[in-house]
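Chain by chain, the residues:
Number of protein chains: 2
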Amino acid sequence: MKKNGNDGTKALVLLSGGQDSTTCLFWAKKKFGHVETLSFDYGQRHRIELKSAKKIARLAGAGNTAIKIKEFEALKHNALLDKKINLKGRDSVNKKLPASFVPGRNILFLTVAAAFAYTRGIKDIVIGVSQVDYSGYPDCRAEFIRAMEKTLNLGMECPVKIHTPLIKLDKKQTVQLAIKLGAMEMMAFTHTCYEGKKPGCGRCPACVLRKKGFDEAGVKDPAVEGN
Amino acid sequence: MKKNGNDGTKALVLLSGGQDSTTCLFWAKKKFGHVETLSFDYGQRHRIELKSAKKIARLAGAGNTAIKIKEFEALKHNALLDKKINLKGRDSVNKKLPASFVPGRNILFLTVAAAFAYTRGIKDIVIGVSQVDYSGYPDCRAEFIRAMEKTLNLGMECPVKIHTPLIKLDKKQTVQLAIKLGAMEMMAFTHTCYEGKKPGCGRCPACVLRKKGFDEAGVKDPAVEGN
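Quick mapping for you: the protein sequence lines, in order, are chains A and B. Just so you know, we're using our numbering here: the first sequence kicks off at 751 and counts up by one. Just so you know, we're using our numbering here: the second sequence kicks off at 751 and counts up by one.
All copies of an identical chain are treated as equivalent in the list; a pair is satisfied when it fits inside any one copy or across any two copies.
DSS-like cross-link-like pairs, simulated, lysine-lysine; straight-line CA separation at most 25 Å:
1. Lys846 / Lys760
2. Lys948 / Lys961
3. Lys846 / Lys873
4. Lys911 / Lys845
FYI, nobody ran anything at the bench for these hints, they're computed from the structure.
Construct all of the structure, not just a fragment, from the sequences and the given hints.
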């Protein structure tokens with residue numbers, strides 16, 4: 751297997767510690783072999799996911815680096831960062847978007863990931879966005895990903911590629927992919943709930959979407975007690 | 751004059767406190783009227799420029815917000831962040847780029863600026879990049895700026911425009927523009943030196959380029975003692 755990173759690492763996976771990014775980690779391990787993971791501490795109210803990410807990376811035999819991102823806190827205007835804002839409401843600026851929209855989040859995550867990859871000679875980045883069940887986030891669409899990739903290539907003069915294995919999958923199909931990749935046991939350690947609750951509040955948009963996926967795939971969610 | 755920001759602000763200027771961004775501030779004030787400025791504390795060795803930015807914004811009657819960016823410090827590999835690296839050398843990853851290249855810097859700055867603008871209803875961003883005297887930075891080219899603009903528009907579902915008044919100007923022409931805009935007195939307070947020295951070491955690539963511009967324009971640099 752050809753190694754392209756400075757230390758043999760072949761790809762960098764953005765790992766939030768949730769269901770989707772964990773599925774991507776397994777996808778990347780199968781495709782690339784030796785992978786690294788990157789997590790972001792951006793002041794999210796569900797910061798507990800960082801612990802999940804660390805644990806999942808360790809169990810999967812991948813390194814994990816958590817990077818602090820302070821600038822979103824300075825701009826605090828959305829429900830993922832501000833507990834006073836209702837998670838089920840709409841974005842205060844663009845009513846078409848959900849209140850959980852963090853403007854520029856994936857642009858910033860991918861930029862930091864690309865800079866991290868650049869310094870380590872890694873050319874492949876994996877992110878678990880989906881344009882099907884994307885909750886209305888514009889930075890989860892394929893069109894955005896292609897523009898982002900071009901921007902990174904031009905801005906860093908480096909041929910980085912962004913892989914999005916879930917882009918065309920709904921939650922049911924993502925669960926099915928996780929089964930196929932042998933990632934289901936690991937799902938017990940993933941964190942999805944926006945409220946930061948473990949095993950999940952069951953009511954926030956992220957919990958509702960996760961439950962829908964497992965229900966439709968006809969399997970039990972190993973993160974839910976009693977399952 | 752039509753106001754498009756929540757509070758009447760019409761444009762956001764990225765103000766480093768240097769000669770180019772200060773010229774852009776004057777350009778933006780002329781074009782848009784009421785403008786805001788944004789500065790970044792990203793661990794640069796010439797952090798003294800943040801004080802210059804604050805002072806210049808105040809004197810120009812524009813607000814200034816400084817945002818801390820921690821992630822580049824975590825990736826530290828270049829001469830602007832690490833005093834142990836020679837500023838006149840080459841980038842450790844891509845030998846075609848200078849050692850002062852911070853991978854993803856302008857992508858990140860523009861993303862944070864766009865997020866800041868988004869929350870305030872501002873649609874116009876001004877940045878002082880030039881593809882003529884650009885020291886080999888790929889993120890100062892017009893092609894990059896257009897890709898970045900598209901990425902921001904798609905990723906934030908918001909029609910933000912990036913203005914680059916210096917993109918086709920060399921340092922001589924930038925000095926001439928500053929004269930035309932009545933910005934020359936303000937140049938006394940600008941900071942350019944990568945070494946963080948005031949009035950400037952005179953030897954680092956930034957100081958050398960600044961001196962060349964003033965010399966070729968045939969005017970004295972008000973920031974240099976004795977002028």
